[in-house]
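Colleague: The lines below spell out each chain.
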Amino acid sequence: MRHGTGRETAVIVIAGVVLALVMPLLIDTHVLTLIIAHGLLALSLGLIWGFGGVLCFGQAAFFGLGAYTFAIAGINLGESTVPVILAVLVPAAFALALGAMMFYGRLGDVYLAVITLVVTLILYRWINSTAGPDYVIGSARLGGYNGIPGFPILNVPGRPDLMIWGETLYHVAAATLLIVFVLVTWLLRSSFGRIAVGIRENEERVSLLGFDIRARKTILFAIGAAIAGLAGALYATWAEVVTPSLFSLQQSAEIIIWCIVGGLGTRFGPILGASVLAYLKFSLGQQNLVDNMFVLGLVLVLFVLFLPRGLAPELARGWQRIAGVQRKPARRRRAPKAEAHDG
Amino acid sequence: MAETVLETDRLTMRFGGVVAVDTVSLTVRARELRCLIGPNGAGKSTCFKCLCGLLTPTDGRVFLRGQDTTGWEPHQIAALGVGIKMQVSSVMDGLSVHENIWMAARRHCDTDAARRKADEVIERLRLGAIARTALGRLAHGERQKVELGLVMAADPWLVLLDEPAAGMTAEEVERMGEIIREMTQSAAVVIVEHDMQFIRSLASTVTVFHRGRVLMEDHVDRVMADPVVRDVYLGKQA
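Taken in sequence, the protein lines are chains U and D.
Position one of the first sequence corresponds to residue 70 (our numbering), numbered consecutively onward.
Position one of the second sequence corresponds to residue 1335 (our numbering), numbered consecutively onward.
Certain hints may be false.
[Stated by the list, open to error] Beyond 10 Å from chain U on every Cβ pair, some chain D residues (computed): (1) Gln1401; (2) Gly1405; (3) Asp1453; (4) Ser1520.
[As the list claims (entries may be wrong)] Computed footprint of chain U on chain D; a stretch qualifies when at least three of its residues, placed anywhere within it, have a C-beta under 8 Å from a C-beta of chain U: (5) 1427-1433; (6) 1437-1443.
If you are wondering where the hints come from, they were derived from the structure by calculation, not from laboratory data.
For each residue, glycine too, the CB sits at the ideal point set by N, CA and C.
The shape of chain U in the complex, shown without the other chains (with noise of 0.2 Å):
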């Protein structure tokens, strides 16, 4: 098992870092920057709603946290480095809180969602009313609807002067999605990672075998908006400005698409989604003629109608037909035909 790990492993960053290198080729890398960002976003998304069975409607809550965590702080402390790291811990312990509150208040999934939802919004009334002088953390005005602009982007560790920026954020943010992407891999092949799809899979089995799932779910749903908000530090140097935008609904609703069509239950998917996504609507905000949030409703329609299962693992299949590793065939054959049932 444990040597199984070490080759899924190498094969993650051979692959990713091949990625990371040929992608520039076909994109712009600035472009390419805010998709990881995204990424990684869609990937914290997919970790506590796919495998963890949290479908949490308030995941740009922790990336706009994030964000404006790491505008704030940089603007106290002048560098960049602590920031990173808070912008980490403070979604992380917002994020402890209130999963502490919801799953040990038993909540069900369906309030579970209403409430992660009501979270983000008033986040964002709140941050868009702190227009005013009075709205101040340290020397760091809030802002309101304008949001932070003009704080420290990300520099090396230890060295102000040294900016990231451009290319070379570009790297750091591809190097960061891989970590995150191999520390997720890693997590979900541990038994705390193994016991989270348990509980996704039947919550009130898992506590008769002795577990105590309200812990691992806050544990886990906190796990999930470090990483956004790690996300949410990668978004804030990379534009530069903070703005209350992070924390809309609209931002909430596109990770949830993203996972969707990138396939949930896989770790791969949510990148995917968010990557195709994202740039789709990049690309269609440069034109006039079609409206953004009707193309991606369409394509969320049209995943949800035929393609249920996401991107990822009919990719996956296709490869396999390809590569004609069909290991166990007559399984794999019957499954997509009784997932088309449910759709």
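Given the coordinates of chain U, work out where chain D should sit on it, guided by the hints.
Modeller: Then chain D, alone, in the frame of chain U:
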């Protein structure tokens, strides 16, 4: 005399005006096999849920190996070393048989030991052919068997089973009986059951519930012969 592993002291559960379980005092000793029977609504399932923490009794106390566990969460009770199987088969459908049983064993030992334990349980239950199959693809009888495997893998000293033979074929019931007797080598087993045939084959001590109270407690043969029991329970079936 063997050690007492399960004891209830005047256990009472009320739902509004209905008293589902009324001052029930039970004692189960180590490696004992005990069946709880009674007509529908007699309170045996409610009593069962109070034992495994799914319900918090209105009154009275539950002791497991002398420890007061009244009002504990199910996972705390399970963590003591109590194996629980509910009436409706409850397994992790998307995961393989091996992964299911591994998870049950993982609670009390590390990853590798849990893997060995899962292999061993699969061997004992003769599930080898389907070890890598997802539970969702299995037939009802196989799922029930896997659920017993989940219980066994945790090396419990007390096993609580709610209608383990429900919906099984005669052959499967017979195999189930063997497994249960095997379990009593190391654990006390408490079974809530309807199937009189099955209970007779287990030949254990039986506690008869009637309207929330314990009507009588004796060996199955004497219980079956008792006119009062026949009247409240068996008589209706004939």
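Colleague: Now tell me if each hint is right for this structure.
Modeller: Hints versus structure:
1. A cut-off of 10 Å between C-beta atoms confirms that Gln1401 (chain D) is not in contact with chain U; the least separation is 15 Å.
2. For Gly1405 (chain D), the shortest C-beta to C-beta distance to chain U comes to about 15 Å, beyond the 10 Å cut-off, and the non-interface label holds.
3. The beta carbon of Asp1453 (chain D) sits about 13 Å from the closest Cβ of chain U, which is more than 10 Å, so the claim that it is off the interface holds.
4. Non-interface status of Ser1520 (chain D) relative to chain U is upheld: no Cβ of that chain comes within 10 Å, the nearest being about 17 Å off.
5. With 4 residues bearing a CB less than 8 Å from a CB of chain U, the stretch 1427-1433 of chain D meets the requirement of three and the coverage assertion stands.
6. For the stretch 1437-1443 of chain D, the proposed coverage by chain U is satisfied: 5 residues have a C-beta within less than 8 Å of a C-beta in that chain, meeting the threshold of three.
The structure fails none of the hints (numbered hints given earlier).
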